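Enquirer: Each chain, letter by letter, is given below.
There are 2 protein chains.
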Amino acid sequence: MVSEYMYDLGTRKSPIGTFVAIGRQKEEELGAENIFNFGLGAPAVPMPEEYREELIRLLKEEDQVKLHTYTMGGGVWAAREAIAADLNRRFDAKAAAGDIYMTVGAAPALCAVINAIRNNEEEEIVLLAPYFSEYVAFIRGARMKYTEVRTLEPDFRLDLDAVKASITPNTAALIINSPNNPSGAIYPPEDLKRLSEILTEKSREFSRTIYLISDEPYREVLLDDVEVPFMANFYDNTIVCYSYSKSLSIAGERMGYILVPKANEDHDRLLTAIGGASKALGVSNAPSLFQYALIKCAGKHSDVELYRKNRAVLYKALTEMGYECTWPKGTFYMMVKTLEEDWAFCRRAAEMGLILVPCSGFGFPGYVRVALCVSEDTAVRSIPAFKKLLESYK
Amino acid sequence: MVSEYMYDLGTRKSPIGTFVAIGRQKEEELGAENIFNFGLGAPAVPMPEEYREELIRLLKEEDQVKLHTYTMGGGVWAAREAIAADLNRRFDAKAAAGDIYMTVGAAPALCAVINAIRNNEEEEIVLLAPYFSEYVAFIRGARMKYTEVRTLEPDFRLDLDAVKASITPNTAALIINSPNNPSGAIYPPEDLKRLSEILTEKSREFSRTIYLISDEPYREVLLDDVEVPFMANFYDNTIVCYSYSKSLSIAGERMGYILVPKANEDHDRLLTAIGGASKALGVSNAPSLFQYALIKCAGKHSDVELYRKNRAVLYKALTEMGYECTWPKGTFYMMVKTLEEDWAFCRRAAEMGLILVPCSGFGFPGYVRVALCVSEDTAVRSIPAFKKLLESYK
Chain A
1 MVSEYMYDLG TRKSPIGTFV AIGRQKEEEL GAENIFNFGL GAPAVPMPEE
51 YREELIRLLK EEDQVKLHTY TMGGGVWAAR EAIAADLNRR FDAKAAAGDI
101 YMTVGAAPAL CAVINAIRNN EEEEIVLLAP YFSEYVAFIR GARMKYTEVR
151 TLEPDFRLDL DAVKASITPN TAALIINSPN NPSGAIYPPE DLKRLSEILT
201 EKSREFSRTI YLISDEPYRE VLLDDVEVPF MANFYDNTIV CYSYSKSLSI
251 AGERMGYILV PKANEDHDRL LTAIGGASKA LGVSNAPSLF QYALIKCAGK
301 HSDVELYRKN RAVLYKALTE MGYECTWPKG TFYMMVKTLE EDWAFCRRAA
351 EMGLILVPCS GFGFPGYVRV ALCVSEDTAV RSIPAFKKLL ESYK
Chain B
1 MVSEYMYDLG TRKSPIGTFV AIGRQKEEEL GAENIFNFGL GAPAVPMPEE
51 YREELIRLLK EEDQVKLHTY TMGGGVWAAR EAIAADLNRR FDAKAAAGDI
101 YMTVGAAPAL CAVINAIRNN EEEEIVLLAP YFSEYVAFIR GARMKYTEVR
151 TLEPDFRLDL DAVKASITPN TAALIINSPN NPSGAIYPPE DLKRLSEILT
201 EKSREFSRTI YLISDEPYRE VLLDDVEVPF MANFYDNTIV CYSYSKSLSI
251 AGERMGYILV PKANEDHDRL LTAIGGASKA LGVSNAPSLF QYALIKCAGK
301 HSDVELYRKN RAVLYKALTE MGYECTWPKG TFYMMVKTLE EDWAFCRRAA
351 EMGLILVPCS GFGFPGYVRV ALCVSEDTAV RSIPAFKKLL ESYK
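Residue numbers (the working numbering), protein chains in the order written: chain A, 1 to 394; chain B, 1 to 394.
For the record, the hints were derived by calculation from the structure and aren't laboratory data.
One or more hints might be untrue.
As the list makes no split between identical chains, a pair holds if one copy fits it or if it spans any two.
In the SDA-like style, the derived pairs of lysine to any residue whose C-alpha atoms are separated by at most 25 Å in a straight line are [said to hold, decoys possible]: (1) Lys296 x Glu53; (2) Lys94 x Tyr5; (3) Lys300 x Leu59; (4) Lys164 x Leu30; (5) Lys66 x Ile56; (6) Lys296 x Leu59; (7) Lys66 x Glu33; (8) Lys13 x Asp266; (9) Lys66 x Glu376; (10) Lys309 x Val380; (11) Lys296 x Arg143; (12) Lys66 x Leu222; (13) Lys164 x Val20; (14) Lys60 x His301; (15) Lys13 x Val380; (16) Lys296 x Met72; (17) Lys66 x Ser166; (18) Lys66 x Ser375; (19) Lys145 x Glu122; (20) Lys316 x Gly73; (21) Lys388 x Ser360; (22) Lys329 x Glu227; (23) Lys145 x Val45; (24) Lys60 x Lys300.
This one's a predicted model, so the numbers in the text were calculated from it and none came from an experiment.
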């Protein structure tokens, strides 16, 4: 008998999936050149040239049996050493290779961590809205609950009083994502310091460790000259989940890692439980070739100038027309305030060839997410469609 | 708080993991040249040259943004078409691209399927011993139960009466693995026909669909001139889980698929639930580059002549000494009867530099698994150590 639970999860179309599918249909109706697809958060710039050259070199020169075999036990040691060295250099992370567990992207990293800290069905994870919509599937998959806490408009900073109020004796963790998908906000150090105090107080109050799960796929996608505070430097019981999808433009290749900082009071037990959960989820081995190429390229990132240009073009055009937009400091997303309920707004936009994603799917109704990872040509040519959409409301 | 359940799973060393670790330790003690490591089932031959060339060509010539982006929705369509065409040509499988869901290897394929058919904690999966030890972790991960049914010595054929007796109203599925790891047995058509009748009868008796999960990573690793019956041609409610780890020697790259045959009465609902489960497990995207290279190479396999040679060398030497060995028709494993309890036997063997795996970890005590995926040199040079081991019991 088919699982009702998983069938139900399979039928729940994410807002992204829904509008990407509508986009494909509209392409057939109106022609691809008339569709401006801002739906999917897929990199629009290539991987760094050094990384591509290293992949080719490995395939040409190295022992192919060793290169493509199981990596086991947390991943390729030299790759983990290179990652630790890069984190230490940039963030004074005090990380060692053994603190890092390579994963098949950030999604199974998050799933392994969530399962590794789950003790019963009543436990909750706090999400800071707006949040990446798939978190809900990962939490449901682990058969846990979640609570939403909204961040504060207009700049989407943390509502620390609301965070404090949301924590209950059942709170297992809080997921933080900075730079944030979809708001583009980077939480400032003073807020993280206060968040850390709250989590410490509440851990003491409820006699349990409340973990901070820091999901960092956009850590290297910075559009302004800003620094992203390294979460683990603010709160000891942090667990970092990282993905190279965006920083190396290899979203399809599935490469990420979990970092359990030495300062985490459950360091050893967590790493063991993460290993157990990865085994139980069937994902205890991250792709080998792409790990080996990291040894040389752990500190390399794709050039994000295109996203910066698209932000400039679209922000200027849209605000001049009269839209209210965010100015994302990081990520490649811009949020735009809608002129009616956000799903209806996205459906109307799709009729005009504009594929946007309603933010109610990210726990923040009243906005759409505009993915800036498109060609410059798409960004420029979409402007009349945005104009037409706005005018249709007058 | 760390999950006790996952921590426990993380501390349970598999028999393979235990003896691979002992092997590493012994290498340091005795020198690598004195260790004959038959522990790990990792390919010892390279990927087909055409596949390697295609990987390099893709990295050199194709649009790198498209090549490495999310594949979504079950995988790269043209790769799935190529796989379906290959299955149809060789097995008359009547498969279409839409029946195939690309996965991050066989492990998450099995996990997604197990979760997609799981309805409650009382449900059981029947395992045919000897069986791949990780099945237990996958079933535990889904919080289900399992029952073991032993196959029959000396040739490890199905004990069909025992299979029939093992099925209860809680039986959700039976996992079959032919060629079998570790016995090397290939189940003959007449046994599969009878198995299908039993599953059909029992499904009717208990008013539920009992699925046959066919785990086929060794389908192309054939050491004799034999055919592997295609399981889905015998029982409609089959779900195929495949891995390219062994057939393309890319165990570390994680590439596999699920095939839900059109004849499966829950075809559409299963594919939806598999999509839901993959999302919940965080693994809805198989590595992209290796999928694209399949378009040209879906029918290519690594040359298994080395495994054949090692089988010949070791079978002859060991049986002449007095060991009782299986003659595997497929896979790259040989089972050897132990001369005392199998863990103790493996520990004694390790003292002599021989790394073997106890089959009690595969549900079949009294044997060890000898992985034939080693260099010819290792196989030949190991013979005196096997002799010494035998003599230590005299």
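Enquirer: Where does the structure disagree with the numbered hints, that is, which hint numbers, in rising order?
Expert: 2, 4, 11, 13, 15, 17, 20 and 23
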